[in-house]
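Participant: Residue numbers (our numbering), protein chains in the order written: chain A, 1 to 340; chain B, 341 to 680; chain C, 681 to 1006; chain D, 1007 to 1332.
Rather than coming from a laboratory, the hints here were simulated on the basis of the structure. Please read all numbers here as calculations on a predicted model, not as lab measurements. Even glycine gets a Cβ: it sits at the ideal position worked out from N, Cα and C. Be a bit skeptical, because a hint or two may be false.
Unchecked claim - The following residues of chain A were derived to be distant from chain C, with all beta-carbon distances above 12 Å:
hint	residue
1	K7
2	N8
3	V70
4	D93
5	F94
6	K133
7	P195
8	D209
9	M249
10	Q281
11	A286
12	D288
13	R301
14	R312
15	T313
16	A323
What the hints assert, rightly or not - Think about it this way: if two alpha-carbon atoms lie no more than 30 Å apart in a straight line, the pair counts; the simulated BS3-like pairs of lysine-lysine are:
hint	chain 1	residue 1	chain 2	residue 2
17	A	K51	A	K7
18	A	K51	C	K690
19	D	K1260	B	K391
20	A	K4	A	K258
21	A	K188	A	K7
22	A	K51	A	K4
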Amino acid sequence: MTEKTPKNLTTWRALNSALHDILADIPEAFVLGEDITTWGTGGGIYGVTRKLVDVYGPGRVRDTPISEEVLLAAVGAAAARGTRPILEIMYSDFSLLGFDGIINQAAKARYMFGGQFDVPLVIRTNGGSGIGKAAQHSQSLETIFAHVPGLEVAVPATPGDAYGLLVQAVRTDNPTIFLEHKNLYYDKGEVDFQPVAFGQARIARPGTDVTVVATQQVLHAALAAADQLAEEGIEAEIIDPRTLYPFDMETVIGSIRKTRHLIVGHEAVRDYGWGAEFVAQVAEEAWDLLDAAPRRIGGARTPIPYSEPLERTVTPGRDEMIAAVRAVRGATMAEAGTPA
Amino acid sequence: MTEKTPKNLTTWRALNSALHDILADIPEAFVLGEDITTWGTGGGIYGVTRKLVDVYGPGRVRDTPISEEVLLAAVGAAAARGTRPILEIMYSDFSLLGFDGIINQAAKARYMFGGQFDVPLVIRTNGGSGIGKAAQHSQSLETIFAHVPGLEVAVPATPGDAYGLLVQAVRTDNPTIFLEHKNLYYDKGEVDFQPVAFGQARIARPGTDVTVVATQQVLHAALAAADQLAEEGIEAEIIDPRTLYPFDMETVIGSIRKTRHLIVGHEAVRDYGWGAEFVAQVAEEAWDLLDAAPRRIGGARTPIPYSEPLERTVTPGRDEMIAAVRAVRGATMAEAGTPA
Amino acid sequence: MFDLHEHGLKGLRLMAKIREFEQRLPALSQEGLIRGSTHPSVGMEAVAVGVSMNLEARDAIASNHRGHAHTLAKGADFGRTMAEILGRRDGYCGGKGGSMHIGVAELGVLGTNGIVGAGIGIATGAALAAQVSGDGSVAVAYFGDGGANQGVLAEALNLAAIWSLPVLFVLENNHYAQSAAIEQMVAQPDFTRRGEAYGVPAIAVDGMDLPAVYDAAETAVARARAGEGPSMIVADTYRYLGHMAGDTEIYRSKDEVREWHTRDPLTRLRTRLEESGILAAGEWERTQEQITAEIDEAERYARASALPDPASAHTDVYATQGWAGR
Amino acid sequence: MFDLHEHGLKGLRLMAKIREFEQRLPALSQEGLIRGSTHPSVGMEAVAVGVSMNLEARDAIASNHRGHAHTLAKGADFGRTMAEILGRRDGYCGGKGGSMHIGVAELGVLGTNGIVGAGIGIATGAALAAQVSGDGSVAVAYFGDGGANQGVLAEALNLAAIWSLPVLFVLENNHYAQSAAIEQMVAQPDFTRRGEAYGVPAIAVDGMDLPAVYDAAETAVARARAGEGPSMIVADTYRYLGHMAGDTEIYRSKDEVREWHTRDPLTRLRTRLEESGILAAGEWERTQEQITAEIDEAERYARASALPDPASAHTDVYATQGWAGR
Ligand SMILES: Cc1ncc(C[n+]2csc(CCOP(=O)(O)OP(=O)(O)O)c2C)c(N)n1
Ligand SMILES: Cc1ncc(C[n+]2csc(CCOP(=O)(O)OP(=O)(O)O)c2C)c(N)n1
Ligand SMILES: [Mg+2]
Ligand SMILES: [Mg+2]
């Protein structure tokens, strides 16, 4: 890859750049998915595959039928046979049509066959809510993928990480679920065109009083909350795990050592959601570091409703984050006899 | 249902009894699945559907083609149209072929349509390892189902609960994932032929020193461990949640109030497994009740291997449970200056 | 058999009303009143109407993302349907569903659907329920040429065939799946072959011709109702508007769209009605005005309906009741 | 074209060796040496052998639960295959896979598979990789009459057809899916209709006749290799043994099983070879003895292999390397 100067780009542009660079650099890589060359201005539902076919041709950039099951089954095998497929599933909800291919086959192939096969597969898709796509186009399924041995799971929140994690995902020899967020495609940010290693959290905002672990939309909500909280004298340290598997507990625990308080926030349903894993690990391994009970915020136990006031209600935002931080800090201050 | 005197039965017989009683009592109920009338002595892979067709005929007891996707899609709709389908998926791993039907459709139908439809559906299947069925016939997928709003999840560990929860599952108006355990079908136990309410944990063994929450095989491992631990002077209170959704935190927290120690054990992969939810909830809501860090034991982050010494290695058993309890109690005693 | 006297005006009126409804959606999207995606089926009205004229309230339909016409043709109220598309309290689902999830229990509308192909399995399930309960109802699955490439269709055709389920598989071949031209997405363009490969009798019809659709559906419904099993109807049709709001339509030519307009199902039926004297000169214009007024009223109703109470986001996930006893 | 002189003895020998191997599995199960499920394909040898005689090492196969024959015919070592079935260290997968998950990377064996129908998508993927990389290989999916009812077959046929993928869909119709008689599970018993419905040329062959299978596979492989796309082969065959150890076989009659034995592929080919003088009288008995000794040796090898080190349970989940650069 030729060195490139950093640029300010939207997420979709960053991803599109990554795909162009990947196809240029990695001859084994190819891209496929529904409507990826014929939609919009020639680039899939959110533009991410824009103009790839013009440069790399229809052999390496393939429009597919609406057949998620065979596509998700086929790409794992194509990866095991030496290519590096990058499959776009238009919305992550549709991946449920091909869970056999992902979970029974691609995730397990390396292990079942005693390490004989590498499966360098990337499934790009988007999750999350916020734009009224309703129950079957808005789920946050990352916890399910992170629970499956054999899979790696990336959840980029910024254009820079989107670029860097995607490049990295294609280079690794494991099947990666690459979960973009549909409401962040038009967010802008600095892209330095460098790969980002999996399993390394990013401290999105340093702070001293409470550790907040969050991803994607909730990460941005946390950053917004932090400004308000700073005014109240609470400095939140905000950590973006960036990948849910592998995950970086060291950075989280290092932060707690300093802040002694923990909040985990995500858009995935709170019940049995990935936040529980982070809280449980901290409880198990760093019990003594916490001065107050940790707290999770997450999606309500409902499908995502369509209407705006409803959709807003079931997913956590800035206000929920502020309330959670106040509650956690308040608990400590109350205990210490300080008025909260 | 006519009153019946309690009997000592194997799990599969208890389930078979339940199905006979259900078909007798509930005219809307019907049973379908692969090989459910023609296998073995006429009753499906583990015998659970034995002789149903002889009594209720092929209209209400249906052998299906190997088409999990349409079956799992169809039964939700059949439920919404007023019947009470009980679908057997031969192994829970195969349900991944129909996750759209379960997760995008059946689980969400009631909500998406504003409460217009009830979906009184039961998907009976088996999970778990222990008999060498290897990677694609041995998964413990309960966490995934429990994470999905709209689903209820039952995980019976005893013949009595298997009977009672199944009867209850058919009566409720929600879609239930009914996860039997393939290595418990031949276990015997008392069956009192009573329904068992969802969301009510069972104290499988009362104790004072540590609360152990576990299901199915790991529950039995915990019970075996408890005998050994009792000899060491540690009385474990063992709780079987029986359903993962709804779940009964009250009983768990009530127990911790007494024991002040918590262990959660399951066969599902530990990472992002359901134990994390229990630990996280306790950490959030009952932080002060614990005298030591809680601990989880669960499946290794691997698919289930075939060969016996390998299979044994990746799933927790009695010894892991004993070690966990000793570690948790040891932590407290060390802190208290008592030699562990 | 479609009888021009008996069915002509009724069918035309329903098609026109649906069209008037659907044509307003792009502007409502533009205005910011519709979130997410909404997929109008202007041009395709003959299929939904031709099928539904053969259905009763007790029958079930399972639709897809482009499902307003199916829903309305089955008898849904235009105002409440519009209210749902606008995410309002008086929508059929109280705003929880939106365009892609409109269900109407009492009319057997098992939902428009956000998952391409999903309605196929759902209709099969409704037909299964009909057979198990013996309630005499039939079920219809509506899906597109794109949806026909979902494997569930093969499974459903086979299951329906071996069990003789009372179900109609109605394939609306509008030649595109989103932006994908169907010629590039199938190698065997005759979709009836699919039905037949699984033992389901299949017929190809001109989906721009209400009488043709009506007749095919009449035969299929009768067959299903008589316990003789499933049928497949492959309707050749076209959508005039983009796949959804914002579609740049780079995948097709304006000429092609114009060409299909010459086969317009409303114009054709109206001409026949006028030629046969059923519709007097100038009569249709008055009817159309009436229809416009009705849809004005539906739109007014929907716009006037309040947004749902945020607290309602938490209801309807689980039933609290259970089996009521025999 | 199958040439009795060139291919006859080789094919017969391979079929006999596979049969000798497979016939031992029930006893090994009985002895407690095989855990879980293992599915022998005694009676069906002509399919795997007839197809594989047309394949090269670089070609890929994706098999199903009844996959030993496919694997062995593709060139796998009998001892290492047996060792895997016994869960031993020297098995191809070090005991991690077992009977339902035997993969052999260097022979393109993409695994026997525990999920009925899954091999269909996997072979399609291998063919896709072949096309993208231009490596000239072809891929074969083996599946049963039961597996043919999985929707993925329809999707795969369609995808392979539109992209002209170099893949063979080999349907082994042995008339039962576990205990389900195929006549009850399909309404259209001619499976070639399925291939054709999606634009994949399909041929029905006598799966108990090695030359017939060979010829069909030769044509299909040549077609695939030439870039002309996929084919489907529907082989009529039968399994003599139960679905797996412990099968009570209540779903079929002993007479039926006996009847199929009269079409035995080994006996038929042997008779032809003897009649045409290629095989001298008494010669086959000596060959069979040799084969028995070879399988004795394979079994000895497998039995002697140690169980895997428990610590190995934790390896091979994730690769630690990445793309090696161009
Ligand atoms: C499983 C799934 N895959 C993809 C999509 C995205 N999508 C929505 S509509 C559509 C095209 C459907 O085409 P067709 O079935 O022909 O119906 P039409 O839109 O032409 O009426 C696509 C690809 C989806 N909603 N669900
Ligand atoms: C998805 C899935 N469903 C069900 C099963 C259980 N099962 C294993 S083999 C089998 C029968 C398969 O029949 P067929 O495809 O005809 O192959 P055969 O066994 O006859 O060779 C069944 C139902 C499975 N392994 N996977
Ligand atoms: Mg279409
Ligand atoms: Mg078979």
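Participant: If a hint holds in the structure, say so; if it doesn't, say that too.
Facilitator: So, going through the hints one by one against the coordinates:
no.: 1; hint: K7; verdict: holds (26 Å)
no.: 2; hint: N8; verdict: holds (25 Å)
no.: 3; hint: V70; verdict: violated (7 Å)
no.: 4; hint: D93; verdict: violated (7 Å)
no.: 5; hint: F94; verdict: violated (7 Å)
no.: 6; hint: K133; verdict: violated (4 Å)
no.: 7; hint: P195; verdict: holds (32 Å)
no.: 8; hint: D209; verdict: holds (31 Å)
no.: 9; hint: M249; verdict: holds (32 Å)
no.: 10; hint: Q281; verdict: holds (29 Å)
no.: 11; hint: A286; verdict: holds (33 Å)
no.: 12; hint: D288; verdict: holds (37 Å)
no.: 13; hint: R301; verdict: violated (6 Å)
no.: 14; hint: R312; verdict: violated (7 Å)
no.: 15; hint: T313; verdict: violated (4 Å)
no.: 16; hint: A323; verdict: holds (16 Å)
no.: 17; hint: A:K51 x A:K7; verdict: holds (19 Å)
no.: 18; hint: A:K51 x C:K690; verdict: violated (48 Å)
no.: 19; hint: D:K1260 x B:K391; verdict: holds (23 Å)
no.: 20; hint: A:K4 x A:K258; verdict: violated (37 Å)
no.: 21; hint: A:K188 x A:K7; verdict: holds (10 Å)
no.: 22; hint: A:K51 x A:K4; verdict: holds (20 Å)
When the structure is compared with the earlier hints, violations turn up for hints 3, 4, 5, 6, 13, 14, 15, 18, 20 and for no others.
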